Amino acid sequence: MTVADLIKLNALEAAERLQNGDFSAIDLVEAYLGQIRRHDPAIFAYLRVSEENARLEAEAIDAAPDRPPLGGLPTAVKDVLVTEGIVTTCASRMLENYRPIYTATCIRQMKRAGMITLGKTNMDEFAMGSSTENSAFGPTHNPWDLDRVPGGSSGGSAAAVAAREALWALGSDTGGSIRQPAAFCGVVGLKPTYGSVSRYGLVAFASSFDQVGPITRTVNDAALMLRHLVGKDPRDSTSIEHPEAIRVPEDRDLAGLRIGVIKELVREGIDAGVMAVFDKTVKKMATAGAEVVESSLPHAGYALPAYYILAPAEASANLARFDGVRYGLRAGGAAGITEMYENTRSLGFGDEVKRRIMLGTYALSSGYYDAYYGQSQKVRTLIVEDFQKAFDSADLLISPTAPTTAFRLGEKTGDPLTMYMSDICTIPVNLAGLPAISIPAGLSEGLPVGLQIIGPAFSENRLLAAARGAELAIGFDAAPPLGEGS
Amino acid sequence: MVSHDDVKYVARLARLKLADAELERYAEQLSGILDHINKIAELDLEEVKPTSHVISITNVFRKDAVRPSAPPAAALDNGPEIESGAFRVPPILDTEEQ
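Those sequence lines, one after another, are chains H and D.
Going by the working numbering, the first residue of the first sequence is number 1, and it counts up by one from there.
Going by the working numbering, the first residue of the second sequence is number 1, and it counts up by one from there.
Next comes chain D alone, as it looks inside the complex (with noise of 0.2 Å):
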């Protein structure tokens, strides 16, 4: 079972605001869907390897050259408030954390 508080802390670890209705519906649904994928545990998976990436690749690298990049106007162009040159964001120094 997910709990109320489940959902609360999952949410603020998601960086998401849920009204108290939402929570509720959230936890419900939750609880809904685990129970279905809990059936995993039936399996005995204790030999079994995990796959993280199905086609066989090794790890790829390239040359540390310097290579054009966007224009830093057309990279700033879709931000939502933009002040000489950077985006401009709220205080990121929280005095009283929640």
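Only chain H is shown next, with the shape it has when bound in the complex (with noise of 0.2 Å):
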């Protein structure tokens, strides 16, 4: 097979392939570090490639008498996922040099299946954004348009994934961060329900949201990277053992669904062009045999606001851990202890990091706790009651995954609230801890726009299979402009 043939295989015809012995997993590992060194030079979707790793574990999987289920599969891993012995950024000067000591499970569990590293990718610093132009290595660049953002925080695993530079991605999600990026890159990303990936080894943001999620090419790679990350893991007490072993789905049709479209995330806010996709996608959905119903999140508008306090407060307890003592950077010329930690800290976040530390300090600061951090998991409470109220008239409900197409670099880094907004539709699943999965729906003027699709808690085998269904129904076939490069 060619090279061009190898990087056409989805990950689940890939690892046929590599079953039947059609191919090496060196070969495949071959194709894709030429495509990286192809294009990554324009994209940045790597903050570094393993090649040489890459090769020894390519090596090792073909050594084998007996190929495990993800023998060769080569993955990019998001780097806000420690690994050992590989350095582990977070995309911040903080940990610019930082070697983690041990390895994420959900990494563990990948590498057991006999996923191969690809390399780590790029992200806004910590997960805290929705461009990537956060990240303090520099912004990752849209495959589909390069003069445009790939969305965020993970829109180094994303623009890997539509730039053929790598099979299959890891990514994290606490507002957004899988599914958007998703979107704006035309792939899939799905984020699991809270609880069901251990997030043992995933450097923290706001722990009580943040969920790691697989960001693929098709829904069924989707569903066979989320049968590996989830279960319960001692190390994190928050996860637990998914009550359904996560299937591929088969391929079927929308009949006897009903898809509930969430009034107050369409029209108002959202793109026409988005718009537009998004009710061509519904009228497909319901040809395919959907029944297709008008559902309601009337709290949804608070939940930007809630997120906005609940999710930089817990930010600003996590990052307390980067004092410039145990790892990562230190700023010198201090004379005690308190300097130093000032000095450091200034030195190594970011303008994005420093103002959620901010927002979130402020919010649980004497006088306001109440007012912002008490009254917002309050409103945390109206959104999973609103949800648990929409699913009682729908199976799934549905929404534009991001108000609007990519956006082109520096168009939003002036004004942090207009950025904030990028992530309307996606908030809300994270505040009631649900499955959401984004899927390509089409294209608006040229760049891609997704489908949000979410599902009740521990749904993912009934959210897959009618993902698997909708992605029939659209028939979403193009792909990015790549140059073939030098």
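One thing to keep in mind: the hints can contain errors.
[What the hints assert, rightly or not] Simulated pairs of lysine to aspartate or glutamate, EDC-like, Cα-Cα distance not exceeding 20 Å:
id: 1; chain 1: D; residue 1: K39; chain 2: H; residue 2: E445
id: 2; chain 1: H; residue 1: K378; chain 2: D; residue 2: E24
id: 3; chain 1: H; residue 1: K280; chain 2: H; residue 2: E445
id: 4; chain 1: D; residue 1: K49; chain 2: H; residue 2: E445
id: 5; chain 1: H; residue 1: K389; chain 2: D; residue 2: E47
id: 6; chain 1: D; residue 1: K39; chain 2: H; residue 2: D370
What the hints contain is simulated information worked out from the structure, not anything from laboratory work.
Treat the numbers as computed from the prediction; the structure is a model and nothing was measured.
Two chains, two frames, some hints: make the complex.
Following this line, the structure appears as structure tokens:
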């Protein structure tokens, strides 16, 4: 098979062909390393490519008598997941030279199943952002239009999958950080139910929201990866055993499914081009047999305000660990320890991270705690209840994944609030801890638009089956206009 | 409105040292963000219970057993300044507290 043929295969196809011995793991790894060499200088999806390591892992897989289920599948890993001995930076100066002494549980599980790590991908610093422009090492460019952002914070992972620089990738989602970049890059992104994937080794941003998940080319690939991510981990006491084994869905239509369009997350505040694709998608889903109803989340408008208290509050506590003592950066020249903390943190953190630490510290400070933090926790309850009521009359809920398509680099960096609005459709889901997937729904002016499908807690199998049905009904087959490169 | 002094106070709590220009910028930006957040005040939340964790789980206990942990050399390896098997830090007792 030629390199062009190899990189066309999705993960399920590649796994089957590897199993049949049509090609070897090292062939596949070399094909992807070639893609990275050709396209990554322009895209900058990767912070670090571990060529040598990937080749060694591939050779070991090829030499083993039995091939494990994911044996030889080249994977990109967001640089927020710690990998033993491999520098893990969270795209921050603070961790520029940090070599973890352990590996995240979800990576260990994937490795046990045979995946190969191609490298670590770019992201917004500490996963805070919606465009990957907050990386201390420079922005990632969207493969569909290099002048545009890939979304964020898992922008490097989404761009790598879209540009065929990885077969699939791992991301993390706190307020939309898997789904929004997946939408901007025309790929599939799944945020699992809170608690189904261990957070051990995921550098913490907002612990009651953070969840690791797959970024892939197809819904079936997302199911395949999720199967190896889930599980209760004694090292993460908030993780729980998924009640069902994750299945790769069978191809079928949407008959018998009641799909609710969330009325608060359509029209107002959503770009006309995105709405046009969304409306067409709803029609296709109805043609494929879905019963489409109107659903309501009456408090959706309060989700963003509550999130921007709760997540920064948790972040301000989580990021207190970066103090220049045990690992990471330390600024010199301080006379006492307090000055050392201040110098280190001021030098090591970028603007957005400082802004969120300040916002969270403010919300938790004496005199404001009840008004901000306490009230936001109550809003969270209202959002949870809104979803519960909506699921009384719909099996699954849908909305656009993001209010716009990929915006231009620099377009929103001047105004934090405008940037935050990029996550209005995804944030309510994280407040309620639900599973949700973004799949490509079509193009608006040449740029991908995502469809978000949301399910009740632990309904991943139903969600994936419906997403597969929607994927078939939509028939999205566009690809980014990648040049041949050099 | 978040004032210049508020930002200075919060920065101190968060152990961040901000230049004057940064203080101005953060005061303006945080005011804008909090304006939007204040939308929450429209809601009557008197009777609503707070949610801190979305999935119902109970406390997790484990046996208080001795287990191997990272070897000291590995744990110290990432330290910016190491001396005699410990992390070295600047003086922790300020004689002149700011």
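Status of the hints after comparison with the structure:
1. D:K39 / H:E445: 34 Å, violated
2. H:K378 / D:E24: Not satisfied, since the Cα-Cα distance of roughly 32 Å exceeds 20 Å.
3. H:K280 / H:E445: Holds, at roughly 15 Å.
4. D:K49 / H:E445: Roughly 45 Å between the alpha carbons, so the hint for K49 of chain D and E445 of chain H is violated.
5. H:K389 / D:E47: Since the Cα atoms of K389 of chain H and E47 of chain D sit roughly 18 Å apart, the hinted pair holds (cutoff 20 Å).
6. D:K39 / H:D370: Holds, because 15 Å separates the two Cα atoms, which is no more than 20 Å.
In summary, the numbered hints that this structure violates are 1, 2 and 4.
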